[in-house]
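Protein chains in written order, with numbering that gives the first Met the number 0: chain A, 0 to 245; chain B, 0 to 359.
One or more of the hints may lead you astray.
[What the hints assert, rightly or not] Simulated restraints on C-beta separations:
#1 B:A169 x A:T53: 38 to 44 Å
#2 B:R305 x A:T16: 55 to 61 Å
#3 A:F13 x B:Q100: 21 to 27 Å
#4 A:F13 x B:K2: 51 to 57 Å
#5 A:D129 x B:I165: 39 to 45 Å
#6 B:A190 x A:Q236: 34 to 40 Å
#7 B:G73 x A:I65: 54 to 60 Å
#8 B:L307 x A:V111: 39 to 45 Å
#9 A:A126 x B:P151: 24 to 30 Å
[What the hints assert, rightly or not] A short, non-exhaustive set of chain A residues, derived as facing chain B with CB atoms under 7 Å:
#10 N1
#11 G69
#12 Q73
#13 R81
#14 S87
#15 F89
#16 L92
#17 F95
#18 A101
#19 G104
#20 L110
#21 T160
#22 E178
#23 R187
Because the hints were derived from the structure by calculation, they are not lab data.
Just so it is clear, CB atoms sit at the ideal spot from N, CA and C, and this is done for glycine as well.
Below, each chain spelled out in residue letters.
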Amino acid sequence: MNAALELHGIVKRFGVTRVLRGVDLQVAAGERHALIGPNGAGKSTLFDLISGRTRPDDGRIVASGIDITGKPPQRVSRSLARSFQTTSVFGGLSVFENLRCAALGAASSRLVDRWLPSRRIDERAHAMLDAIGLAARADELAARLTYAEQRALDLGIALATDASLILLDEPTAGMNRAEATRALELIRATTEGRTLLVIEHDMDAVFGLADRISVLVQGRVIATDTPAAIRANRAVQDAYLGGVAS
Amino acid sequence: MLKVFIALIVALALPPLVVDQSWLLAYLAQTATLIVLALSYNLLLGETGLLSFGHAVYSGLGAFAAAHAFARFGVPLPLLPMIGGCAAMLVAVVFGAISTQRAGTSFAMITLGLSELVAACVWLVPGWFGGEGGVTIDRASGPSFFAMTFGPPREAYALIACWCVISAVAMFAFSRTPMCRLANAVRDNPARAAAIGFAPARVRLHVLIVSAFFAGIAGVLALINVELVSSESVGLARSTSALVATVIGGAGTFAGPIVGAVLLTFFSVGLASVSTAWPMYLGLLFMWVVVAAPEGVAGLVRRDARSLCIGMLSAIAWGVAVVVPVEALYAGRTDARAWFIALPCALLGLWLARRTRTAR
Numbered sequence: 000m001n002a003a004l005e006l007h008g009i010v011k012r013f014g015v016t017r018v019l020r021g022v023d024l025q026v027a028a029g030e031r032h033a034l035i036g037p038n039g040a041g042k043s044t045l046f047d048l049i050s051g052r053t054r055p056d057d058g059r060i061v062a063s064g065i066d067i068t069g070k071p072p073q074r075v076s077r078s079l080a081r082s083f084q085t086t087s088v089f090g091g092l093s094v095f096e097n098l099r100c101a102a103l104g105a106a107s108s109r110l111v112d113r114w115l116p117s118r119r120i121d122e123r124a125h126a127m128l129d130a131i132g133l134a135a136r137a138d139e140l141a142a143r144l145t146y147a148e149q150r151a152l153d154l155g156i157a158l159a160t161d162a163s164l165i166l167l168d169e170p171t172a173g174m175n176r177a178e179a180t181r182a183l184e185l186i187r188a189t190t191e192g193r194t195l196l197v198i199e200h201d202m203d204a205v206f207g208l209a210d211r212i213s214v215l216v217q218g219r220v221i222a223t224d225t226p227a228a229i230r231a232n233r234a235v236q237d238a239y240l241g242g243v244a245s
Numbered sequence: 000m001l002k003v004f005i006a007l008i009v010a011l012a013l014p015p016l017v018v019d020q021s022w023l024l025a026y027l028a029q030t031a032t033l034i035v036l037a038l039s040y041n042l043l044l045g046e047t048g049l050l051s052f053g054h055a056v057y058s059g060l061g062a063f064a065a066a067h068a069f070a071r072f073g074v075p076l077p078l079l080p081m082i083g084g085c086a087a088m089l090v091a092v093v094f095g096a097i098s099t100q101r102a103g104t105s106f107a108m109i110t111l112g113l114s115e116l117v118a119a120c121v122w123l124v125p126g127w128f129g130g131e132g133g134v135t136i137d138r139a140s141g142p143s144f145f146a147m148t149f150g151p152p153r154e155a156y157a158l159i160a161c162w163c164v165i166s167a168v169a170m171f172a173f174s175r176t177p178m179c180r181l182a183n184a185v186r187d188n189p190a191r192a193a194a195i196g197f198a199p200a201r202v203r204l205h206v207l208i209v210s211a212f213f214a215g216i217a218g219v220l221a222l223i224n225v226e227l228v229s230s231e232s233v234g235l236a237r238s239t240s241a242l243v244a245t246v247i248g249g250a251g252t253f254a255g256p257i258v259g260a261v262l263l264t265f266f267s268v269g270l271a272s273v274s275t276a277w278p279m280y281l282g283l284l285f286m287w288v289v290v291a292a293p294e295g296v297a298g299l300v301r302r303d304a305r306s307l308c309i310g311m312l313s314a315i316a317w318g319v320a321v322v323v324p325v326e327a328l329y330a331g332r333t334d335a336r337a338w339f340i341a342l343p344c345a346l347l348g349l350w351l352a353r354r355t356r357t358a359r
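Modelling step: build the complete structure from the supplied sequences, incorporating the hints.
Pasting the structure below:
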């Protein structure tokens, strides 16, 4: 299998609490992979480890064949981009400038682009602005956007870095049904051709979006399979889904 | 923005052409120097969100380096600010590597520590820093430049004013670069900036180096003006003046620090020649800005005309209420007349201030 992301035996302790107890996960290149699990299963902790915000106590993280275990966020950003569970944009910058900063972080940007205006970077930022549907709000300060717009911008920032692997942490959290549907359509459209690993609580969203689903319970992946198989999996039902499947 | 620069050039060039007084030149030179220092400080405070208590370290050490370069190697005076700026950059590379690891309170504390460290060094190494007397230069002793010796105050002032405008334009250009937007990004959300590939510490260091370069220029402009650089030039009081000017003028706009520098020089030089109570007035103005107008004096123009008018009247009433009793106390008079003026004015000011609050 051509893996975009491989996790081998990831262990993370906070004090005496073992949050992750040996997580193994393979995300194939180009697939949409969802990570589900009850609250406190360690999903966001796992994201922080992959994106370099914290270091694992044991195990190896490999992205596109490169070992990125324990590297700081700015070093892994070329291989993977992430959104945050709580909306995370640059509030004092305009929407366009948010995206331009992210485009500057792409592997293809040159050092000179940081000091002189670059048409190439501006074009990339404008393209992303259109893709996330915020072209009309380009000059608005990011802090003044509505919540749904900020989530879209958060996604846009992650995408504009041009990384092939995108990690999304609960992209529809706090949205109403209509907003969530629109957000998922946006994710599906904009992540075409990239690898997606998404944490999601909205079960309908997960089963509609993902090619494969992994279930994280008490710091371990107990199953990885297609949505239909996960729905039918007895262990998953017991641990997590409860009455949803029946 | 062009208007700001034209206003700056006219304000610096016109008065000396009309009135030929040495005190006016000294006053304007001091203003021009503080403008450069405050603008460079705002690259840290406004653009990158870094509160520094050690900005004078860069201006002061730049000035010391320039003074030695001028005395020993005969560097032409017009090029001296470049020497000071480059020396300050080198200092920033060393000190910044320590201080920019953290933002917020930690950064502020580290800069305070470095500031005290350098101030102590100035006393410990008298051979280089000149001890109590500092290092003096004779600005006319260098090679002449297009028949200018820079001995007469007018020629020295022209040089200072030119460097002030060049520095202001250069800093404005920097504030338009994508690099500066990255500094804003690090200010707003360092974790997010790291996630898109920019190490916050690295971005902070870049801005600090640029900021220190212009601070070094400001230090040399002061050196050219008074022909002396001493322990005061690196001291905490000098750092604080950059902070106060930036906050009074407003850290959110490019013109803010310019306005603040003009106001601060007015208080510390103009008002000081009239009243010994000037630090108290400055302190009250500073407090008023922090509490009532956090966007600074330059930010006031964004408010609507009505609340601006009421605010001005309120400020005048408060001003009278403060100035009359303070001056009476400083003059040693303790009769009740001052209070008969002050109390009604304070009440009027209070009433007007309440109106602006409901108007908003």
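Each hint tested on the structure:
Checking the proposed 38 to 44 Å range against B:A169 and A:T53 shows it holds: the Cβ atoms sit about 41 Å from each other. For B:R305 and A:T16, the hinted distance range of 55 to 61 Å is satisfied, since their beta carbons lie about 59 Å from each other. About 24 Å separates the C-beta atoms of A:F13 and B:Q100, a value consistent with the hinted range of 21 to 27 Å. In this structure the supplied range 51 to 57 Å holds for A:F13 paired with B:K2, their Cβ-Cβ distance being about 56 Å.
Taking 39 to 45 Å as the suggested C-beta distance range, the pair A:D129 and B:I165 conforms, at roughly 40 Å. Our hint of 34 to 40 Å for B:A190 and A:Q236 holds, since their Cβ atoms are close to 36 Å apart. Separated by about 55 Å at the C-beta atoms, B:G73 and A:I65 satisfy the suggested range of 54 to 60 Å. Between B:L307 and A:V111 the CB atoms are about 43 Å apart, so this pair conforms to the stated range of 39 to 45 Å.
Against the hinted window of 24 to 30 Å, the Cβ-Cβ separation of A:A126 and B:P151 comes to about 59 Å, which falls outside the hint. With 7 Å as the threshold, the beta carbon of A:N1 stays out of range of chain B, its nearest partner Cβ sitting at about 24 Å, so the hint is violated. Interface restraint check for A:G69: the shortest CB-CB distance to chain B comes to about 14 Å, outside 7 Å, so the restraint is violated. Interface restraint check: A:Q73 against chain B, minimum CB-CB distance 4 Å, threshold 7 Å, status holds.
Look at A:R81: its Cβ gets to within about 6 Å of chain B, closer than 7 Å, so that hint holds up. At about 5 Å, the closest approach between the beta carbon of A:S87 and any beta carbon in chain B falls short of 7 Å, and the interface hint on this residue holds. With its C-beta approaching chain B no nearer than about 4 Å, A:F89 sits inside the 7 Å limit, and its interface hint holds. The criterion of a C-beta within 7 Å of any C-beta in chain B is met by A:L92, whose closest approach is roughly 5 Å, and the hint holds.
With its C-beta approaching chain B no nearer than about 10 Å, A:F95 sits outside the 7 Å limit, and its interface hint is violated. For the restraint placing A:A101 at the interface with chain B, the shortest Cβ-Cβ distance is roughly 5 Å, inside the 7 Å limit, so the hint holds. The interface hint given for A:G104 is met, as the beta carbon of that residue sits about 3 Å from the closest beta carbon of chain B, less than 7 Å. A hinted interface residue such as A:L110 counts as satisfied when its beta carbon comes closer than 7 Å to some beta carbon of chain B; here the least separation is about 10 Å, so the hint is violated.
Look at A:T160: its Cβ gets to within about 5 Å of chain B, closer than 7 Å, so that hint holds up. Given the 7 Å rule on beta carbons, the hint for A:E178 is violated: about 22 Å separates it from the nearest Cβ of chain B. Hint status for A:R187: violated, given a least beta-carbon distance of 22 Å to chain B, over 7 Å.
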